Amino acid sequence: MNWTTRRRFWTTVAPVPSEDGWTVVLDARPLRTPAKAPLILPSAPLAEAIAAEWDSQREEIRPQDMPLTRAANSAIDKVRPARAAVVTMLAEYGGSDLLCYRADGPEGLVARQCERWDRWIGWAEAELSAPLTLVQGVMHCEQPEASLSRLQDAVAAHDAFELAALHDLVTLSGSLVLGLAVSRGVLDPQEAWRLSRLDEDWQAELWGEDAEAARAAAEREAAFLSAKMFLDLVRATD
1 MNWTTRRRFW
11 TTVAPVPSED
21 GWTVVLDARP
31 LRTPAKAPLI
41 LPSAPLAEAI
51 AAEWDSQREE
61 IRPQDMPLTR
71 AANSAIDKVR
81 PARAAVVTML
91 AEYGGSDLLC
101 YRADGPEGLV
111 ARQCERWDRW
121 IGWAEAELSA
131 PLTLVQGVMH
141 CEQPEASLSR
151 LQDAVAAHDA
161 FELAALHDLV
171 TLSGSLVLGL
181 AVSRGVLDPQ
191 EAWRLSRLDE
201 DWQAELWGED
211 AEAARAAAER
221 EAAFLSAKMF
231 LDLVRATD
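Heads up: the sequence shown begins at 1 in UniProt numbering, then just goes up one per residue.
Keep in mind that the hints were calculated from the coordinates and are not lab data. Nothing here was measured: the structure is a model prediction, and the numbers come from that model. Just so you know, even glycine gets a beta-carbon here, dropped at the ideal spot from N, CA and C. Errors might be hidden in some of the hints.
To be verified - Restraint-style ranges between C-beta atoms, simulated for each label pair:
#	residue 1	residue 2	range
1	Glu-142	Arg-29	48 to 54 Å
2	Ala-236	Glu-60	28 to 34 Å
3	Ala-14	Ala-111	16 to 22 Å
4	Ala-14	Glu-127	38 to 44 Å
5	Ala-236	Gly-137	39 to 45 Å
6	Glu-142	Arg-58	50 to 56 Å
7	Ala-14	Gly-137	54 to 60 Å
8	Glu-92	Gly-137	17 to 23 Å
9	Arg-29	Ser-149	44 to 50 Å
10	Ala-236	Trp-207	38 to 44 Å
11	Ala-214	Pro-17	41 to 47 Å
Claimed, not checked - Here are the simulated EDC-like cross-link-like pairs (lysine to aspartate or glutamate), alpha carbons at most 20 Å apart as the crow flies:
#	residue 1	residue 2
12	Lys-36	Asp-77
13	Lys-36	Glu-19
14	Lys-78	Asp-159
15	Lys-78	Glu-162
16	Lys-36	Asp-20
17	Lys-78	Glu-92
Turn these sequences into a full structure, and let the hints guide you.
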């Protein structure tokens, strides 16, 4: 059943095993993606969580309240058919990683960036064999080709469902290093989000918080944390 129908049309929801994994049925009718592909999921926990999203819908379907469903649809309809292009796009973030671009002042911000970010630059070198060059300011800095190649290999190790999650972790934070660290389970997602917001938080401390910007940041944070939840469910065992 295609999920783009806007009003609830089912009574019961259930996760069920399928030939290639798991799916979700609405009144015994299997879900399909917006592109009408079967919604085949890699794990029972993910199927259960997506079933819960559908079961929580009331009279009108609200896609914005079903982030796991949307991520699964993206993995099947968008990532899988264009996997090589997605890998390349995400790997390109390594060439302009947020953590590599440092302030030249004030002193407090410079020190905070060093204190909070240097560890993860070191992690990329030690664990991914991908040393990265730091630069002050916003002028583009070429990164070592060998490092970029190894970062691309790290991205390519993800399957389509994992890439759908990594896409949001990287694009929302602006950092491939942080996204990979979260994906590998060595960095807490909430801490990763705080690291990605270091400059903005510094400005808010100095000048006060803008209410509209804070709301937008909260929405992006929720999407970031949802991506990590999706990744965990993709990898979960029964």
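- [ ] Would you pick out the hints that fail for this structure and give their numbers low to high?
- [x] 3
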